[in-house]
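Here is what each chain is made of, one letter per residue.
Protein chains: 2
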Amino acid sequence: MKAEFINPFLAAAKNVLETMAQTKVNAGKPLLKEEPVTYGEITGIIGMASDKIEGTMVISFEKSCILKIVGNMLYEPPKSEIDDEIVDAVGELTNMICGGAKAELAKLNQKFDLATPTMVVGTGVAITVFSDAPTLIIPFDTENGKFVIEANLMEK
Amino acid sequence: MKAEFINPFLAAAKNVLETMAQTKVNAGKPLLKEEPVTYGEITGIIGMASDKIEGTMVISFEKSCILKIVGNMLYEPPKSEIDDEIVDAVGELTNMICGGAKAELAKLNQKFDLATPTMVVGTGVAITVFSDAPTLIIPFDTENGKFVIEANLMEK
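Chains as they are written, first to last, in the working numbering: chain A, 4 to 159; chain B, 4 to 159.
Everything labelled a hint here was simulated from the structure, so no lab data went into it.
Fair warning: there could be bad hints in the mix.
As the list claims (entries may be wrong) - Okay, derived cross-link-like pairs now, PhoX-like style, lysine-lysine, Cα gap no bigger than 25 Å in a straight line: (1) Lys55(A) to Lys5(A); (2) Lys105(B) to Lys55(A); (3) Lys114(A) to Lys36(B); (4) Lys55(A) to Lys114(B); (5) Lys55(B) to Lys27(B); (6) Lys114(B) to Lys159(A); (7) Lys55(A) to Lys110(B); (8) Lys105(A) to Lys27(A); (9) Lys114(A) to Lys27(A); (10) Lys159(A) to Lys55(B); (11) Lys159(B) to Lys55(A); (12) Lys105(A) to Lys36(B); (13) Lys36(B) to Lys17(B); (14) Lys105(A) to Lys159(B).
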């Protein structure tokens with residue numbers, strides 16, 4: 004994946020979380036994914052596909068981070084555990100962030116449709132993307148913990 | 004998802020595993036997914052997308068089952084642990100099975116492109132699809148253990 008294609012994901016994550024969840028987000032320097040990495044307790048995965056492009060975006064949250072984000076989205080105090088409502092919110096955030104990136108990438112002539120998000124709950128989960136194209140990782144910090152986005156986009 | 008759309012996934016799984024991995028596969032009765040389910044030690048996830056359709060296919064294997072399948076694919080004795088080669092093989096099987104289903108579904112006027120497969124390794128992992136459409140589960144048995152396919156396909 005070309006480095007210029009990572010910025011739309013970064014911008015969309017900041018935009019969605021700041022407007023939908025009043026959550027200030029600091030993005031670290033994007034890095035190349037070298038091996039399967041174990042991330043947070045809850046992960047959203049969404050496919051991108053067209054006749055010219057295939058890709059996947061993964062977003063994975065530490066528990067404290069997602070509980071606070073969803074609390075903010077609902078104008079409620081954060082819950083103490085990941086439940087169906089949290090899982091659902093991760094699906095919605097995955098859709099919105101990748102949808103935001105999609106709109107920007109279309110302007111760079113990278114056009115694709117989005118598949119259905121899938122959410123994975125569990126600790127000690129290692130995720131690998133099956134692609135010859137490099138996967139880029141953006142680490143993010145919030146006041147209540149970290150999350151990461153991985154993106155992989157390949158012209159066929 | 005309409006019940007008739009499940010058969011292409013069932014047929015593709017049988018066909019790919021019988022021809023590529025000399026593995027006899029018995030399919031159980033498809034059932035509706037009612038809640039997040041925890042499956043096997045290794046799971047492949049692949050998105051399906053077009054301007055008219057969105058979906059996801061999930062395939063999850065018990066460890067003993069995938070180790071034997073990959074051993075058969077490579078004409079080698081089964082390994083004892085899940086390693087990079089096994090993870091890669093799950094990506095390839097995910098691609099091939101969903102690719103087989105895609106060809107059949109196109110004949111039913113369900114046309115879409117495939118996203119990049121993602122593989123999740125870990126025990127005690129619960130997977131949820133973020134969709135208003137029902138998700139169908141096909142349980143499979145092999146001589147060396149079980150696997151399941153989940154499919155969700157929705158016209159936009």
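Regarding the pair Lys114(A) and Lys36(B), is the alpha-carbon distance no greater than 25 Å?
violated (32 Å)
Next pair to validate is Lys105(A) with Lys36(B); report whether the Cα-Cα distance is within 25 Å. violated (30 Å)
Is Lys55(A) within 25 Å of Lys5(A), Cα to Cα? Within the cut-off at roughly 15 Å; holds.
*Sort out whether Lys55(A) lies within 25 Å of Lys159(B), counting only the CA atoms.*
Since the Cα atoms of Lys159(B) and Lys55(A) sit roughly 21 Å apart, the hinted pair holds (cutoff 25 Å).
Discussion item. Check the hint pairing Lys55(A) with Lys114(B) against an upper bound of 25 Å on the C-alpha distance.
Written reply: holds (15 Å)
- Can the restraint linking Lys159(A) and Lys55(B) be considered satisfied, given a maximum Cα separation of 25 Å? holds (21 Å)
| task | Verify the proposed pairing of Lys105(B) with Lys55(A), using a straight-line Cα cut of 25 Å. | result | Status holds; Cα separation ~16 Å.
Given the hint that Lys114(A) pairs with Lys27(A), does the C-alpha gap stay at or below 25 Å?
Distance of about 29 Å is beyond 25 Å: violated.
message: For a C-alpha distance cap of 25 Å, please report whether Lys55(A) and Lys110(B) respect it.
response: It holds: about 21 Å lies between the C-alpha atoms, which stays within 25 Å.
**Prompt:** Quick one, are Lys105(A) and Lys159(B) close enough, alpha carbons at most 25 Å?
**Reply:** holds (17 Å)
For the pair supplied as a hint, Lys105(A) and Lys27(A), is the alpha-carbon distance within the 25 Å limit?
holds (22 Å)
Hinted pair Lys55(B) and Lys27(B), Cα distance within 25 Å:
Not satisfied, since the Cα-Cα distance of roughly 35 Å exceeds 25 Å.
Violated hints, in rising order: 3, 5, 9 and 12; the structure is consistent with all others.
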